[in-house]
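J.: Chains as they are written, first to last, in this note's numbering: chain A, 203 to 1040; chain B, 23 to 206; chain C, 32 to 465.
A hint or two may mislead.
As the list claims (entries may be wrong) - Coverage of chain A stretches by chain C, computed from C-beta distances (three or more under 8 Å per stretch; other residues unrestricted): (1) 251-265; (2) 292-298; (3) 315-327.
Calculated from the structure, these hints are not laboratory results.
For glycine and all other residues, C-beta sits at the position ideal for the given N, C-alpha and C.
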Amino acid sequence: MALIIIDGVSRQVGDDTLILNAAAALGVEIPTFCSHPRLEPMASCRMCLIEVEGIGKLQPACATRVTEGMVVHTDTAKVRETRKSMLEMLLANHPLDCPVCDKAGECDLQDHAYEYGAPESRYDEDKRRFHNADLPLNSVVIANLNRCIQCNLCIRYCDEVVGAQALGAIGIGANQIATGFMDSLAGCDHCGNCIEVCPVGALMSRPFRYKARPWDLKEVDTVCPFCGTGCQISVGAREGELMRVHSKCETGLNQEALCVRGRFGIDFANSTEQRLQQPLIRQDKDLVAVSWNKAFGFIGEKLKQIRRSNKTIGGLVSPSLTNETLYGFQKLMHHVFDSNTIDSFCRWPLAEAYPVLEQLIDRFYSRKPLEELLKVDRLLIIGSNVTDENPISEYLIREAHRANRFDMTVLSPRPSRLDRMASAYQRYIPGEEPALIASILSSLANEDKQPPLRSQSIAVLVGTDLLRSPGATHSLQLLLEHLKTLQTNGRSIGLQFLFDRCNQLGAWDLGVTSQCDFNQMLSMCDQGQMGMLYVVGEDPLLSCPDPERVKRALSQLDLLIVQDAFASDTMELADVVLPGFTFAESTGTFTNNEGRVQRVRPIYPPPTKTVMNAYKAAPTIYPAPFRSQAKLDVRIFSEMALALGTDLGLSSLEQVFCEMAATVPGYAELDINDLGNQGRFSGATLNTPESSVKPTTLTNLECQLTRQSVPDTPDDNFYLITGNSMFHSGYLSEYSPTLAEIENEPYVELSELDALALGPGSADGDYVLVSNPHHQLTLKVKTNSGFARGVAFIPENFKAAQLNRFFAQGDYPCLVKIRVAQPAAVDEAVGSAEGNTQ
Amino acid sequence: MATQKLTISLKAQINAIIPRYVEPRSAVMPALHLIQDEFGYISREAMEEVATILGLTPVQVYEIASFYHQFHTKPIGCHHLQVCINVSCMLLGAENIVSQLEQSLNIESGQTTADGRFTLSAVQCLGSCDTAPVMQINNQAYCEHLTGQRVEEILQRLREAPMGHRPEAFAGAQKDQREFTVAK
Amino acid sequence: MFEQTLLKNINTENYHQLEVYRTGGGYAGLRKALNEYQPDQLIQLVKDSQLRGRGGAGFSTGVKWSFIPKDSVLPTYLCCNADESEPGTFKDRLLIEKDPHGLIEGIAISCYAIGAKIAYIYIRFEFIYGTRILQQAIDECYAQGLLGKNILGSGFDLEVIIHRGAGAYICGEETALLESLEGYRGQPRLKPPFPAISGLYASPTIINNVETLACIPHIVLRGAQWFSDIGSPKGPGPRLYCLSGMINKPGVYELPTGIPLRELVEEHGGGAPNGKKIKAVIPGGVSAPMFAEKDLDIAMDFDALAAAGSMFGSAGVIVMDEDSCIVKVTLSMLEFFHIESCGKCTPCREGLGWVLKLLRRIEAGAGKHGDAQELDRLGEAIFGNCFCALGDGAIMALRGALGNFRDEFDYHIAKGHCPFKTESIVLHRTRATG
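Turn these sequences into a full structure, and let the hints guide you.
T.: This is the structure:
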């Protein structure tokens, strides 16, 4: 600690605190342009120069660290005069076109000039001009470099936080501009963080361009629904129209950073075309619109028949819905349908894995901020291209790595930017995880024999790819056993998942899992044992492997209820379709991958007036984009229960939350009205007694590879893997016009060498035919030197591609052949991609 | 404009530079020098290829190519006349040299003649102030003690010299063994 | 009587060849250092010699070396700053072209002293000929066991690698040089940490100028006392003075530190040509404020020059005669600083551009009343507030001119033309860019 005096007030601050931060702690504001809390100091704008007694020259507060007894003056005549001078110099070449600048109203240069500047400029020469018309860098970023004050925040943020290194300072001296390679950012992440950190209007959002003045926006703080990281977003709207999404420094784990999906993808909420507007029931093969009461009546009738036949009733609910919806659904299934057969995961079978997962979570899950978890010596990441799947988590890992310099091992089927920072990384083919986990964790355990321990504290991050793999249960068991051993040997262990769905942990915390997973439900359908299935927010016909089998199975049902906001493939088979709300109209909470429970608030008011009063009270900003009879999911459950003779007692959001908190131990302390702008952490859920999991011995688990062998010589046989691309996640993001403009067609990604081996016509941007006996697609090639030979990746989110048709149940990764596409097929593929954008 | 696909030999030369440094990134300037020696300037494709070899993003190479005055990212004339206009040369009439060249070549400084033969640049101190006024041609020879007559002679020889990007192609102004004025 | 040391053999034929250099006693210093000195003793020797850096800042070389941490697990590097770009300076190029082995020997001894196994020579791009000579010399040394593994059987290993710049004055600033060497844009780094603690690749690094390093073999051979007895007591040794501009005998002069500036330009340099009177002299490269003729009786000494508001800098002495227009000289200097500003900090990037525009209009006869005061004010706003010394240097140069020759500025502004015979040609020519 050091005792310092700033403007006459003394205070103890930590050693090496920057004067800027010490002053802020004392409530003294020092203006800056080039300083950012997440970036290394640059001290280039010279706006923060202050006086330190005993040093002749003024010192930059953003880069000077305190020393014992330091006396700082931030408000002397000299400091004030210098600030004035710096502003005058910055404004000399600034175009001062504030009336037409999107940044006006939230511009640091405006604010500082107002606060610290001189009333007029003495500069009377021509101003520097790099270009006349604004310069579009890609579909979301547009530049007016005449306004740039060369603070380099955009370049540094893109490098230090995002890790994309897509922006650079081009030129030297006064002629330097911040831009992409050859004035293009076409290949960048499109995350728009450069726009957010720009203190002036040099980099601007194209979707937001000339749309609104910041001071006219009404903002709602909510949580991004595109992955499990759970970033807080502030959605701004004017006169009933969504204008932009950004994030505030002071809210959420993301501290202002967002990825492309969060910043630009929320406009999916504006999509009305595919929205379901009223309840439908199947009459003579057709779905016809009916009233809610009629739909509930129809369900009641069917239910009586099913009960008589003694068949099972099952439920499937999306892990992208709020905790309140999940809780309400569970209660409905238990109390009205007497069913315990519920799952929140349909993409791949996890029935066997659930008991192990529960134990892993109970025993090792660290419910704390990721940056706290990462205060370790060693980090192991298994099964995730974190850069694409959970971009903001990846930023946090990068920053934690810079701060803590831990040893990082990355195991992933796909390359990511973390590879470069890793001490070791390993490409693998799904199915090989158990062997890798066993080998790495046992080598860690072996460190015991040679003290001192290199890895006293270990963090493990488990990605979605591990769960997708056929060896998932096996891998999780091994992980559990090894972590137990390491813990017994005195290591501190922390674990978190990197889920791709925004409320997967919440779904598991609430126990929306059963001994019977969705895959088993389908088998029961096949065998005629399942009478009714209630699907909420999921589209199994699209998202499950082997859609033919899913179709066959679902056709066996006596009653299939599909509840969703948007029309889905599964709807074709439904007997009843119920229109729900989208994320944008929903209210409640999500539990993110860290275990942080955060408030979800409606961006749009519900599209009908028939809402429960409590929900009405939620702050909403503008009229609905369209009118329909859709309802909040919980309300549908509630009304359905009433219609079927049961009162679920879920009359308000607070009530649902209270009841949920009382049921789930880890949530007992939480209050929905006191989640704050950082969310609150849930506690351990402890809902599985340890004895329920059969102990496994390590020897018989090791090295059981489940995959088929790939021919050694690369030919046209590839293992097909899937996951999220950087620009899309799940099936909602395709509804976003902005994301669709950035990436509007599926592609196949493979190693450069494999592409080369396919012969001419298989370079980047060319089209190839990917096929196996079940399915074929003509897709654009994307080469990536980080890919393992013999592995091909196609993103899973594009509905039209029906990717899951490639995979038979349990066959992951599947084998496909890739060949250069015939011209006719290319024309067709290009045509349909163009169709997608329109 | 020909594409600058790096030859295998050029790539090998770049790869051979990397081990001189702790970080491959340090090899970016030497790599760009090699490319400029080969092609006369540094094209977009060349920057992309260097980025791939050194594990950088293309913009990180572009930053370097655009920061340093002596890297050219656009084609320049095959004889790059760089006249020093800093204080010592200026005092001894460098401006007249520049004006003479501008008139003779019918271009302004910073421009290239239509035939692509000459580019004229006014540059800062070349570190030969004792022999002012000075001009450097293609980063090779220093032409010293310039006078109007000497400038005309040099231009004449350059006009007769073959066109080519490799500066060595012009030996006329080469003067490796030069005498410094050294006291006693 | 002063005895030439650095330039003693400069006109010996083929002195750049190893054989000739060795015939004249070359590499005896390295042999002596390796055989008779422990690294710490060498550092002490250089400290005792009171050698001060010849690049511009004039910091004690031995003290700088002693900042290298003794217990570092990281490798130590030496960077030879051969990016000589200060206008009016051309001494390092002479040493490189004529006496490359003297530099290499200095580098080898210095590396031994600071424990460096790799030395990089950051050489100015334009010095293509010097680079070739230096590379040949290095190759000769490798072939003769003077570089590489186990030098002269001592067990000391050293790699010397030439790194060419690409035209950026700022890379002569030591931390910008390191950035450039690491493959970044040559912009200065924040200090602390100082390079001796965290320099090249975040490892302990010493950056020394060519002339500084060239002094080292002589200090080893002839002792610290011999060196410190030459010239000024507080900054002793031989010094290479570069004389240029309106002077009869321009060139590089080796003379002791501390000689009077008047003696240097009038006696050694032979005064201004054509019997003209000297009007002003820049003593140490353009960053060093100029002196008017009346003030030439000053010793060329670090402390004396600093006390007089100028600096020894790179000892680049530029002479202006009675016909030289100081406004034009100032404009020329500011054009230089503005072009070479790396753009990192606001006052240098924006402020110098502003100053330049005022100077351009004054020189072109379009100056406005109050422009000279405006220059004063901008100088006030810029000086001391820049990230590195470049912007401050520009303002020092400006102040040197404004302080001594304000009447010339006032005349230009008042009359709208130049009082001297120089033709009014717009000076800001451009360089081919892109």
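J.: Count the residues of the stretch 251-265 of chain A with a beta-carbon closer than 8 Å to any beta-carbon of chain C: does the count reach three?
T.: holds (count 5)
J.: Taking beta carbons only, do three or more residues of the stretch 292-298 of chain A come closer than 8 Å to chain C?
T.: holds (count 3)
J.: Take the stretch 315-327 of chain A, compare each residue's beta carbon with every beta carbon of chain C, and decide whether three or more fall closer than 8 Å.
T.: holds (count 3)
No hint from the list above goes unmet by this structure.
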